[in-house]
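> Chain B is already provided as a structure; the job is to place chain A on it using the hints.
Protein sequence lines correspond, in order, to chains B and A. The working numbering numbers the first residue of the first sequence as 2 and each following residue consecutively. The working numbering numbers the first residue of the second sequence as 3 and each following residue consecutively.
Among the clues, some could well be false.
[Claimed, not checked] What follows is a list of derived Cβ distance ranges for each label pair:
| hint | chain 1 | residue 1 | chain 2 | residue 2 | range |
| --- | --- | --- | --- | --- | --- |
| 1 | A | F393 | B | R122 | 19 to 27 Å |
| 2 | B | E160 | A | E401 | 29 to 37 Å |
| 3 | B | R221 | A | R405 | 49 to 57 Å |
| 4 | B | M207 | A | L105 | 27 to 35 Å |
[Said to hold, decoys possible] Lysine to any residue pairs mimicking SDA-like chemistry, simulated, CA-CA at most 25 Å apart:
| hint | chain 1 | residue 1 | chain 2 | residue 2 |
| --- | --- | --- | --- | --- |
| 5 | B | K130 | A | F224 |
| 6 | B | K183 | A | F463 |
| 7 | A | K439 | B | R6 |
| 8 | B | K183 | A | K415 |
| 9 | A | K439 | B | V7 |
| 10 | B | K130 | A | L127 |
These are calculated hints, taken from the structure and not from any lab test. Note that beta-carbon positions come from the ideal geometry of N, C-alpha and C, so glycine has one too.
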Amino acid sequence: MTRNRVFLALVLASTLIVLIGLLRPDAMRTVSREKWFWTWKTHSDRKFDVVFVGDSRTYRGISPESMTDILQGIRILNFGYSSGSLSALMLGEAERRLDPAGRRIIVLGVTPSSLTPRAARDEQYRQEKNRTSSEIIENLYLSPFLTYFDPTTPIRFFEEIGSRKARFREAFYESGWVAGWKEPAGPPGSIGVFANDFTDNAVSPMLVDNVLRQTEAWTREGIRVYAFRPPTSPEMTDLEKRLSGFDEETFRQRFTRAGGVWVDVARAGYRSYDHSHLDKESAETLSRLVAEIIGRSMGEPLVFPAQDSVSPSPGAARPGGA
Amino acid sequence: MPFNSIIFLVFAALFFALWPLAKRTDNGRWVTITAASLVFYGWWDWRFIFLLLGAGLNDYATARAMAAWPSWKRWFLVASLAGNLGALSVFKYAGFIAESVGLLAAAAGHSIDLMSRLPSFTLILPIGISFFTFQSMSYTIDVYRGHMKPVTNLFHFFAFLSMFPQLVAGPIVRARVLIPQLAVRRDTTEESRWEGMKLVAGGYFKKVVIADNLAPFVNTAFAAVPAPESSLYWWLAVGAFAFQILFDFGGYSDIARGLAKWMGFDFLVNFNHPYTSTSLREFWSRWHISLSTWFRDYVYIPLGGSKKGEARGHVNMWLTMIVSGLWHGAAFHFLAWGAVHALFLSAERITGWPEKLKKLPGGSVLALVTVLFQVLIAWVFFRAQDMAQAFAIIGTMLEFNSRTGFPTTEAFKVGVLYLSLGLAMELFHFSKLDARKWFSPTVYRSVEVATVAVLITLSVFLRGAGMQFIYFQF
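Chain B with its partners taken away, still in its complex shape (with noise of 0.2 Å):
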């Protein structure tokens, strides 16, 4: 045995190393990715036609790659934020991004969550905005080659090479989408995580008279802002009815009078993974919808796929949108 253990223990480490980042599952590899996506999002500034606005509910569930399959040639930014809010700071940030000599749209996606006091305080969205300048290089010049470290739990590791259950998937896109799903096709778990989230956290009047004003604002700038309430399960919708103070026909007949256009994806077809976020399809099936909604509202060429673009996805489960 050599006498040089440091170069053994190296050489040994960087062995295992590659031999573990070789055999494990592809599915482990999506730190590096996550850390690019949310830097990107945050500090890129590129302009777009369309901005979309609101939480994870919106992130998630709305995906531009679908809607340009309907608006070609119209760019599209997904700009939700985990737990995000519709406060001053993110409208702000949205029109931003705002290409002044495009098409000037903004879709807030409205959630009651969205309008709730906790929610205003935007901490991923700060968090992300407050990076050093080195962890932004960092995250969007070296990330993209890093995949192949990319680190997991115990918990992960075992359930992924040796669990039947229905394992949680996710996808980054560039355009602000991250899509969703179980694999294979498992139940949404308890929404017992979610009771939580509105006590002493209700929906704040004051957010939505600032949404209300903005959209004012907006209107009379010409710039056209839609707003729809991301679908979900029943029994969100249920818990939401029941806990946060949100009253959506109120807003919506509030929404309108101050300019802005409501779009109505209140409809059977869509499925949740965790009873609050659609899945990948249905986020696509959303998307199209809201697409064909806002194109027509404009009078934009619509462009449709071969297939029914806008059909329920099978399985469907009850309407959660409304």
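Same frame as chain B, now just chain A:
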């Protein structure tokens, strides 16, 4: 630049490629360490390099002045302490002082708002300020006491003050220990490089695997609104924090010691299995040793220690613990953390319970559990966002209720898993098991190599979300 970043790995690779050449001459050694350390420190915010340089120049000059004009040395010491404590007051305590004045004035029926008048730069805490000011103060105090002679070469002094492995989070290395090591060329051996390798690999494992995987559970628990009402949940959460902070800070210290070994220097152990202590006094001889001995030598003993009567000894100990609490952060809950430890230490001194308990069968285990109970209660004050949250959490813990129904998220499960691992590691040490006895020396060498390789591999694939080191905020 944090140790757990890619940029640091690049920096360290460049430094250690250059080091064998640089260390050959005195100036080469000192200038290289100083330049590299300033790059390392300036990576966060280059403007604070001037603070480090200013503090260092003040202490370098005052120490030399003490030697040149011995009859004035008391005044030069005052100038040194004023510079260091002044920098701490401005950058670390200005907000706390302003808030406290406001609260006192309000209690007396007046309204004084100093907070809004503070300059904005006082709201930024320069990273590592508490560490390098304490390290620097130890130098001038030791020169004042005649324990060492002042350094004549400015780069020799700055190599001591700014040495990057321990600059921002310790261990606080005394001038008497490091300056003589820096004075001569110190070559490494295969044994010392291997010792360094074990420390670095183990340190990274503690930090990026254990501490960073405990962090999401701890952060979720302390940010939860409303807070879960289960006693079990909070004992687990506070236990997770106890091991998070041990492995976060202990990991950093190990990496720092390992890097120093590769450079040819020796830093003392900073954490020595503190959760295996069977008395609180023992805990403080094992926890953050470089800081607790600093406070012992430069605060507690100069106050008179325990040599001026029992009552005065308690007062001195309380003062030292409260100052130690405030060293960690300018907030009342840090002060409370120090005071709670002082309370438990006073009770221990008066009753002598650890010695009495250890005489009983199984007494050592009971003593260990009792110390852990006290330490966990105190940690609540340390981690809580404010006093109200601390009391609410302790209230729930001490209810010992049987409520469950708390969220068993993935972060919770992963947290409990790593908490168990941390506990097992400390129990292994407490049981006085020694792996060296299980193998022949030759086989043990191979086992060690394999263990280090596995620790590196696990640090790559099981690392948690890259969290900042907790002690950077102090």
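> Against the earlier hints, flag every one the structure doesn't satisfy and list their numbers going up.
none
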